[in-house]
Amino acid sequence: MSASQVMPPAPSAHRRRTILRYTLSERVNHWIAGLTYVYCLVTGLAFWSPYLFWLAVVMGGGPASRFWHPWFGVVFVASVFWMYKVWRRDMLVTNADRNWEKAIRYYISNEDQNLPPIDRFNYGQKLYFWLIFYGAILLLVSGIGLWFVESIPWSLRWLRYLAVAVHVGAALITIGGFIIHVYMGTAMVRGGFTSIIRGEVSPEWAKTHHRLWYERVTGDTSRRE
Amino acid sequence: MSQATLNVRRISGHAGTAPGAGVEREEQVCKLVDTTTCIGCKACEVACLEWNGYSFRDTVFQNSYQTMPETAWNYWNLIKFNEHERDDGSMMLLMRKDQCMHCAEPGCLAACPADGAIVQYTNGIVDFQQDHCIGCGYCVSGCPFNIPKFNQHTKKMFKCTLCSDRVNEGLEPACIKSCPTGCLHFGTKDDMKELAETRARQLREHSNFDKAGVYDPAGVGGTGVIYVLHDVTNPEAYGGLPSNPRIPWVVKFWKGPLKWIGNLAMIGGVIGVTLHYLRFGPKQVEADKHGDDRP
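Protein sequences, first through last, are from chains B and X. Under this note's numbering, think of the first position of the first sequence as 26, with each following residue one higher. Under this note's numbering, think of the first position of the second sequence as 265, with each following residue one higher.
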């Protein structure tokens with residue numbers, strides 16, 4: 026089922042029409058990425074600071090956390106690559122996004138009526154996507170270096186140090202994005218969390234947040250107001 | 265080990281002060297390796313294996329006396345053989361017993377994230393506690409001497425313990441017992457330094473080794489293993505002994521300023537989004553305001 030398809034009326038009390046925003050496979054993949062990322066985040070924070078090492082105890086102990094952290098990381102990166110395959114065209118920054126970015130202060134202050142219309146994803150979502158995509162590559166490459174640190178010969182030991190620096194740096198940057206992503210997806214943009222669980226949004230939601238996408242998938246170009 | 269917490273100076277990955285730190289005072293122990301009287305017999309290697317219960321590893325032919333490239337998780341003590349050409353064209357075989365240096369400021373301990381997996385006792389011995397080791401390998405990146413080694417099967421790190429189990433009972437390390445030439449000595453750091461300096465002076469004054477000296481690198485706060493070298497200005501010739509070993513600056517930055525920057529950024533992020541919510545609240549869609557916000 027493609028994203029550009031209007032859902033048949035749901036047999037709900039309202040009998041309202043909804044728009045399919047995320048297909049089932051997009052949702053499943055998002056949650057594989059989300060849960061594996063959270064596992065790596067929690068165990069990674071345990072390795073980050075002695076004051077958070079108790080997190081490793083909660084996750085089944087230090088050795089278990091250390092054993093599974095890289096494997097969950099591999100699944101996370103694989104899932105991010107799948108997102109790249111499916112979403113990369115939707116995630117290209119367009120002129121509409123650049124205009125939107127210039128007016129981003131209205132988005133922050135919830136004065137969305139002053140924002141230019143945008144397609145399926147807004148500039149912030151695209152930024153987050155590319156941040157996670159490149160972050161995942163850096164975490165994978167540096168993570169392999171940490172995983173098999175003894176395979177890096179002593180004469181190339183600067184690579185061992187580089188792996189530490191890159192892994193920690195990339196992790197911190199993705200955490201910054203992740204905090205904003207979770208906040209916006211759950212608390213700030215109402216309806217967003219439901220859309221990544223059930224896949225559906227109301228036409229009003231689509232019109233408000235992603236007007237161009239709404240028009241594209243419904244063919245409805247009648248502007249309100 | 266009994267009363268271990270009373271004999272501890274530092275432990276790795278620990279939130280707050282190490283329990284028992286500073287409670288007891290002990291002499292700093294030290295192993296002295298006089299490379300100028302080592303004959304490369306490898307008796308120390310055998311003694312190390314015997315005491316610690318390991319067997320010989322496979323050897324490789326490398327066109328030299330060296331039959332193993334480096335220490336291993338179950339081979340903590342290895343003599344490094346190096347053919348060295350002197351200024352006058354004559355050849356010397358430099359032999360150095362390689363093992364954990366038991367740094368006063370251990371890079372392995374600084375890098376380790378697991379609570380209590382690496383311990384520095386009050387007597388200066390740096391010891392791995394495999395019960396607490398999580399096998400992450402960060403100590404490999406922290407060590408300036410390439411010493412900690414990983415056991416793939418048990419997922420634990422190992423290295424020379426300076427026979428902490430023997431020293432605790434008032435015995436010398438096993439390698440010391442076995443040395444037939446007496447090039448190995450064990451005692452307090454002060455005594456070993458004095459003995460080493462005496463030997464180095466003897467080499468300079470009577471044996472034509474003008475540059476003879478004692479290797480006790482200050483970059484890691486001095487070490488619990490010190491060497492007498494024929495040429496202390498060129499330790500690299502002795503199988504890559506670093507001339508100025510230090511904890512890698514990346515490790516220091518990571519465990520120091522970056523920890524603060526990262527923690528402040530993460531806490532700031534959470535506070536930031538909370539403040540945003542309190543100031544601006546959620547984004548509502550007009551039509552949804554009447555009922556629930558579900559589509």
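A portion of the hints provided could be inaccurate.
[Claimed, not checked] Counterexamples of contact, computed for chain B against chain X with all Cβ distances above 12 Å: (1) His55; (2) Tyr109; (3) Leu165.
[To be verified] Each computed DMTMM-like pair below joins lysine to aspartate or glutamate, with the alpha-carbon atoms no more than 20 Å apart: (4) X:Lys306 x X:Glu288; (5) X:Lys419 x B:Glu175; (6) X:Lys419 x X:Glu433; (7) X:Lys475 x X:Asp495; (8) X:Lys419 x X:Asp395; (9) X:Lys413 x B:Asp137; (10) X:Lys516 x X:Glu369; (11) X:Lys547 x B:Glu126; (12) X:Lys457 x X:Asp395; (13) B:Lys127 x B:Asp144; (14) X:Lys547 x B:Glu175; (15) X:Lys547 x B:Glu229; (16) B:Lys110 x B:Glu126; (17) X:Lys413 x X:Asp322; (18) X:Lys547 x B:Asp137; (19) X:Lys475 x X:Glu334; (20) X:Lys516 x X:Asp379; (21) X:Lys419 x B:Glu126; (22) X:Lys420 x B:Glu175.
Simulated from the structure, these hints should not be mistaken for lab results. What you are looking at is a predicted structure, and each value in this text was computed from that prediction instead of being measured. For glycine and all other residues, C-beta sits at the position ideal for the given N, C-alpha and C.
When the hints from earlier in the document are held up against this structure, which numbers fail?
Of the numbered hints, 4, 6, 9, 12, 14, 16, 19, 21 do not hold.
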